[in-house]
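> Heads up: the sequence lines are chains A and B, in that order. Residues 0 to 297 in numbering that gives the first Met the number 0 are what the first sequence spells out, letter by letter. Residues 0 to 351 in numbering that gives the first Met the number 0 are what the second sequence spells out, letter by letter.
No lab work stands behind these hints: they were computed from the structure. Honestly, I wouldn't trust all of these hints.
[To be verified] 35 Å max Cα-Cα, derived DSBU-like pairs, lysine-lysine: (1) A:K228 to A:K210; (2) B:K166 to A:K210; (3) A:K210 to B:K165; (4) A:K181 to A:K228.
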Amino acid sequence: MNEPVTVFALALLAATIRKSVPLIFASTGGFFSERSGVVNIGLEGMMLFGAFSGALVAVLSHNPWLGLLGAAIVGALIACVHALATITFRANQIISGVAINLLAVGGTVFLTQVFMGGERSFSLGPSDRLPMWGPFLPIAYLSFICVAGACVFAYYTVPGLRLRAVGEHPRAADTQGINVAKVRFLAVIMSGVLAGLGGAYLPYFSGSFAKNMTSGLGFIALAALIFGKWNPAGAMAASLLFGFADALQETLQGRGGLPPQIFQAIPYVLTVVALAGVIGRSRPPAALGRHYEREASG
Amino acid sequence: MNTGLKKNSANLLPSLAALILAGIVSSIVILILGESPIYIARVMLSGSAGSLSSIANTLEEATPLIFTGLCVAIAMRCGLFNIGGEGQLVIGAFVAAWVGYRVGGLPPVVHITLCIALAGLAGALWALIPGLLKARFGAHEVINTIMLNYVAFIFANYLVGLPYFKKPGQIPQTEDVLQSALLPRMTFLYEYTRLNLGFVLAIAAVLLIYILLEKTELGFEIRSVGHNPLASRASGISVARNMLLAMAISGFLAGMAGSERVLGVHRHFISPFPFGYGFAGIAVALLGRNRPLGVLVSAIFFGALASGGAQVDIETNVPRELVTVIQAIVVLFVACEYPIRKFVFIRRRTAL
Chain A
0 MNEPVTVFAL
10 ALLAATIRKS
20 VPLIFASTGG
30 FFSERSGVVN
40 IGLEGMMLFG
50 AFSGALVAVL
60 SHNPWLGLLG
70 AAIVGALIAC
80 VHALATITFR
90 ANQIISGVAI
100 NLLAVGGTVF
110 LTQVFMGGER
120 SFSLGPSDRL
130 PMWGPFLPIA
140 YLSFICVAGA
150 CVFAYYTVPG
160 LRLRAVGEHP
170 RAADTQGINV
180 AKVRFLAVIM
190 SGVLAGLGGA
200 YLPYFSGSFA
210 KNMTSGLGFI
220 ALAALIFGKW
230 NPAGAMAASL
240 LFGFADALQE
250 TLQGRGGLPP
260 QIFQAIPYVL
270 TVVALAGVIG
280 RSRPPAALGR
290 HYEREASG
Chain B
0 MNTGLKKNSA
10 NLLPSLAALI
20 LAGIVSSIVI
30 LILGESPIYI
40 ARVMLSGSAG
50 SLSSIANTLE
60 EATPLIFTGL
70 CVAIAMRCGL
80 FNIGGEGQLV
90 IGAFVAAWVG
100 YRVGGLPPVV
110 HITLCIALAG
120 LAGALWALIP
130 GLLKARFGAH
140 EVINTIMLNY
150 VAFIFANYLV
160 GLPYFKKPGQ
170 IPQTEDVLQS
180 ALLPRMTFLY
190 EYTRLNLGFV
200 LAIAAVLLIY
210 ILLEKTELGF
220 EIRSVGHNPL
230 ASRASGISVA
240 RNMLLAMAIS
250 GFLAGMAGSE
260 RVLGVHRHFI
270 SPFPFGYGFA
280 GIAVALLGRN
290 RPLGVLVSAI
300 FFGALASGGA
310 QVDIETNVPR
320 ELVTVIQAIV
330 VLFVACEYPI
340 RKFVFIRRRT
350 AL
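Just chain A, with the same shape it has in the complex:
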């Protein structure tokens, strides 16, 4: 490494942020869903749908901003499937998440074929991509705004309090006149919007959509949410940490004497450790994963 230390550090910082943006979006999305009591392992699939639809709309309309909107809308629609299955039809939340991930892997390739004819990937032209605002894409800044917004919403507003109440003690919330199903529905849709935006970042960054391009980022975002103790600021910090590990691995390219796999494994291992309570127990919302059924009047 011959570069001056400051240049190296700045490059690493920028790379860290670039790697973290999709994680920040998706983990903030996960925050909404999980704090309302709905497990969302479908984040991965929602991101993949976001990546696909963001890229597709941008290519078809030559307007990347419209692509962003498309990614958010498609993310919301897929989240609606999860919400409908788990809240209305009381499907197991984990199974529904698994189904959404399967649907995304198959469905995005399928739809690529429909729109692009016989291809499994497609590229964005120069006019289809977002401009750079300084060192980053515009949505990088948006991701941090979303985190701040989520913090303010969840901890300083009445609807935010309702969201957390529904995830901790739905029965008590119900007695207070809160519509548990409605709050959960909206929270899951919000998670889809944010995961969709996080996914859309990927093709705008790399310049193309490829089959299964999220390759586990949704699960890393889930890990960040858990490692960040189920709050937006913590999840952002964890996303930055995981992004840093990834950036470091890429920058070093094996020059650091350590195998790159150690850096790749960091998010997953840390999450397992955090769940076991070795370094500060990470505690899920009390009603996470449980269906809520109003007591029958008869």
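Please arrange chain B on chain A, whose structure you already have, making use of the hints.
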């Protein structure tokens, strides 16, 4: 007897209804692609059951799904959600390849048994990590098994890159396993089949797990913990012990799936290892309602979808990913059985 039959049909109905709904939705998807669903169904049928070779393909695709379906099912019967089949399979596959090429001079029966047993043990150990974390700290097994999937991929990728394991060359893969470790292929069905003795082992596993769950005390305890851990503890059943055993057996089955892929099909370990059998196992177990025989039937169904899908990919404009979409739709509909069940029950009540 009659009530037993009724109970079974009540169990079967939601699965069948889900399949029919999935068929309708898939047909709409195919129509959107501008193909005829009937034509696609015909191609699928001929690709999965139209000839001896396509039947062999179906059973070959079904083999790992039987193992991973059982893997998910037995954990589920104990109340545990093992989404880690994918990772346990990879670890098992790696060990099978390693023992398969490194240990020489054994007669085939011994060598194959050794490979499969060690692959199963490796998978069991990998599954015991989330099992222990659950039993000891109450850490949720769903998150931990997901995380350990990725740790397994990364770990195996690291190992196969080491000079000790890596076959010289650019590709991160091991040497091919020795002749004595190869699961014999059923070439009497058709010359190029990859269907192998592993299928017979999978059937044996179905029977063993059935006997274990339904006819032994251990099986009773596992099911009891799955039904109601608190009541089980109150009646003197060790919840932790049964959870650990169920996870170990579950991981063992996933490891066996990995060994079947290596010893019967690929003949070496390669990174990244073919992906998806673990997750498909969830669909298989779900459709088979976590019963060993149900798993067998639904694994063959999904195996037929896979081999039929390959045919569709070759012959039509519809990509093979149609199969994954159908899988997802089936899972979604089976998971939404509540309204279906409600509908069935209401009808039955009014009929009385």
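> Which numbered hints does this structure break?
Violated hints: none; all satisfied.
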